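Residues per chain, in single letters:
2 protein chains.
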Amino acid sequence: MARKSLSGFPEWLPDGRIVEQFVLDHLRHTFELHGFVGIETRAVETLDELEKKGETSKEVYVLDRLQAVKDAEAGRGHSKERRMGLHFDLTVPFARYVVENANELDFPFKRYQIQKVWRGERPQEGRFREFTQADIDVVGSGELPFHFEVDLPLVMAEALSGLPLPPVHVLVNNRKVVQGVCESIGVDDVEAALRGLDKFDKIGPEGVTAELAEAGIEAGQAATLVAMAQIRTSSPEEVRSGVAALGVSGELLEEGLDELCALLEAADRRLPGTVIADLKIARGLDYYTGSVYETEIDGHEDLGSICSGGRYDSLATDGKRTYPGVGLSIGVSRLVSRMISIPLVRVSRKVPAVVVVAVIDEAGRVRSDEIAARLRARGLATDVAPSAAKFGKQIRYADKRGIPFVWFPGQAAEGGAASTPDTVKDIRSGGQVEADADTWIPPVDDLVPRVEAVG
Amino acid sequence: MARKSLSGFPEWLPDGRIVEQFVLDHLRHTFELHGFVGIETRAVETLDELEKKGETSKEVYVLDRLQAVKDAEAGRGHSKERRMGLHFDLTVPFARYVVENANELDFPFKRYQIQKVWRGERPQEGRFREFTQADIDVVGSGELPFHFEVDLPLVMAEALSGLPLPPVHVLVNNRKVVQGVCESIGVDDVEAALRGLDKFDKIGPEGVTAELAEAGIEAGQAATLVAMAQIRTSSPEEVRSGVAALGVSGELLEEGLDELCALLEAADRRLPGTVIADLKIARGLDYYTGSVYETEIDGHEDLGSICSGGRYDSLATDGKRTYPGVGLSIGVSRLVSRMISIPLVRVSRKVPAVVVVAVIDEAGRVRSDEIAARLRARGLATDVAPSAAKFGKQIRYADKRGIPFVWFPGQAAEGGAASTPDTVKDIRSGGQVEADADTWIPPVDDLVPRVEAVG
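Quick mapping for you: the protein sequence lines, in order, are chains A and B.
Residues 7 to 461 in our numbering are what the first sequence lists, from first letter to last.
Residues 7 to 461 in our numbering are what the second sequence lists, from first letter to last.
I should point out that these hints are in silico values taken from the structure, not numbers from a laboratory.
Heads up, the list lumps identical chains together, so a pair's fine if it works in one copy or across two of them.
Calculated lysine-lysine pairs in the DSSO-like style (CA-CA distance at most 27 Å, straight line):
#, residue 1, residue 2
1, 406, 326
2, 406, 396
3, 58, 76
4, 58, 205
5, 122, 58
6, 326, 399
7, 326, 58
All figures in this text were calculated on a predicted structure; none of them were measured in a lab.
Construct the entire structure; sequences and hints are all you get.
Here it is, written out as C-alpha cells:
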C-alpha cells in the first residue's frame, strides 16, 4: 500500500490512505467526544520561536523564497525577511498560539491538533522527515488541576484501544517520584539520574549503573535508582510497597506517589488493564514536572513509544501569566506505516463507492447519471461506469476496485415492449435482484470501506 | 474568528476552525459520494519537478536543513542533497504521483486531494502564502472520455451549492471554440488572443482591442474576438446563435460548440441555473485543451474565481504513456476567510461538547466521569467541569463556550436520605428535567456545532 520515492517522505497508495484516514477520523472522533476543540496552526514559525529550545536546531527545515535564493546566488544580496522554518512538533506552535490568543481563548483550554510536522533529519538515517502527529493538550491560565493528568492519558488509551491494533499499554511515571527518591538518597544531580534512567531499555541495569557512576552518583545511590527503575506494575499497592522497600521517604515523594496511584486507580475503573506504572520512564530532559507517559503496542515494542507526553508547569508564558499544561502526542505516520507494512489491517475496497451504475450505451448515460443522483441523494457513494463497454468489462471495473455492487438500468417501455426494472448485482456472490434507486440499501457492512485487523 | 500574526499565514480561532472543518468535511463527503478516492502527496517536491513549468519559479519556497545552512555560513561547504521545495499547487504533485504509481493505479483514476500549499509571495502583496486547496481530477491512461468534462464541474457545483453561501455559478468555455474562431478568422497567434481575452474583466473591451492590436491582430479580427467574448448565457441555443452571428465556421469550432452545449444541457438537467457559458474565460496560457472552468459567488465577484480548472490532454507523461485529465481546484482558504470575515456564517458554539457534567465536589468527580463515559458511549460529545466550583460558575463554563446543556449528578441514597435523580439543564431556556445518562438525547439540532448562514 506504500510508495516511497523520496527518502523520509512517505506516501500511500489509495488503499493505504484509506487506513490513514480511518485512523485520523477515529482519533478526531474520540477527541471531540471528550470535548477537545480542533485547531490548526500554520506550518511555519519564525526561527526565533523554533530555536527557543536550542537543542532541536539541527532538525529544522528553513524556508527561503526561490527568487531570493537566486538573487543571493547572483550576488544581488540576501533577503532581509524574517527567517522562517517548518514546525518540527505541534507543541511549540501551540504554545505560541496560546500566548498570542490568550484573550480570546477560554481556559482551561482543551485542544486537539492533527497536522504534519517536518524534521530535517539526515536522509541516511531512514527516519521520517515528514509525518503526521495527533496531539491533545489541556492548558490552564495560571493553574491547572491535577485531575487532567489522569484524564488525558485515558483519552489517548481509549483512542488507541479503538483501533485495529494489538493491546496498547500506557506506561506512566511521575517526575516527583524520581525527584523524591533522589532527594531521599541525597542525589543532587536529578538530571543526571533522569539521563541514566532514560537509557534503561537500551543498555540494561549494568549500563545504567556505569552511566550513573560516571555522573558522580555513588554505587549505593545508583543501586537504589536501578531498583526503583525496575518497578513495573498496574497495582497502586505494589507501587507503594516497591518504593517503600527502597527505604526512601519524603514529602515530594509522597505527593508523587499519591498522584501516580490516583492515576492507576482511575485507570483501573475506566480502562482496566491499560495503564501500567513504569518507574524507569524518564522522557529525557524535557520540561515535564509531574506525570510522564509513554505507550507500547504489544508485540511492537521495537516501534518505541507511539504516544508520549506529560505535565509541564510552564507550557508557555507571556511574562505576566504562565500557562501550565498536560498533553500527549501520537506519532500517526509511524503507527499507520506499521499497520500497512506488516500488514496489521486490510481494507475491503480501494474506493469509497459501494456501487457502480452500468452504462448500456452512451445515449443511456443520462439515465445512469440520473440513477446515480438518486442513490447519492440517500448518502450512498456511487460511481458510474466510465464507458458503455460490454457488461463483463464494466463488472471488472467494479471488481478491480473492490466495489461490491453493479447496478443495471432497466429499459423504459418502448413500442410494443414492456418496461424492464433496474437490477443490482452483488459481484461477490453473483446474486442479482430487482432494485429501486429510491429505496435500495446495501448491507451496513458494505456502506464504507472497512478497515479490519488481519488474522 | 481570525488571527494573523505572520503576514500571509492565516490561523483561525476555535470558532473559525469549526467553519473551516465544516467546509472541508462537506467537500470530502461530496467527493466521496461521487466515487472519488482521497490521496495525499508529500508537501515537498524536488526543485526539478517544481520548475518544470518555469514560470512559477518565483513562488516556490525552497527548503534547507538549518544545520546545512549553518555549515555553509561557517564556510564548511554547502550540502549536496537534492534541492527540495514546498508544492505550490496539487496538480504538479498529482501528476508526479500518477506517473510514479501508474502500475498500481486503476484508470480512469478519480481522486480528490485536500491539502495545504505554499507560495513564496512577497509579503507586501497581502496574499496568502499558506492555504488549503481542494482538488478533484480524473485521469485516464492514454485516453479519457469527454463526459468527464461534464461530470467534474457539476460535482464542484454540487459541493459549493451545499455550503451556506450565496448562489454559486460555474462559468464554462471551451478552448476548441476559441481556437476554432481564431482559425476561422485567420488569427494564427491563438496564445496572444487568449492572453488578451484573459484580461477582459480587468481592462474591458477597448483595453482588450488595444492589447490584441499590439499583438498584431487586425481590427476586424479583434472585433470578432471581442464580440465572442461578450457571449454569456446558459442557453445552448443562444451560444450557437451568438457564435453564428460572428460569421465564423469550421470543424474544430463545431466540435467545441458541441462539447460546450452538451455541458450546458447536462447541467440544466442536473443542476439547473448553475452553469453559464462565458466565452471570455481563457484561463491564462495553461495546458488546457478542451473545457475550462471558473466559478463566481453572487455578490462576491471581487474574490475572483474560487474554483477553476479544465481539460488537459497531457496531465503527465512518462515517455511511453500520456495521461489526459480533467480537474478543478477550490481555493478553500480564500473561501473560508471570506465566510468568516464578512461574516457569511455563524457557529452555534465554539466546542464540540453538547453537555458539561457538573462536579459536586472533588470526591464526586468519579461519579461525574462515570456519567460522562455513559453519554460518550452513545456518541454524545461530553465535557466534565474542570473544578467543583459553585454551580453558577460551572454553568458559566458552559455558557462561555456555547455548550447548551449542563448535567447535574443526583445523590446516591445515604443514611436515612433517599437517592435523588440526575437532572439536565438547558441553559438557554433555564428548563431543568430529570435525565438518565443511558437514554437522554439532546435535540438533533444541538448534536454538533451548527454552521449557519447569517441573515
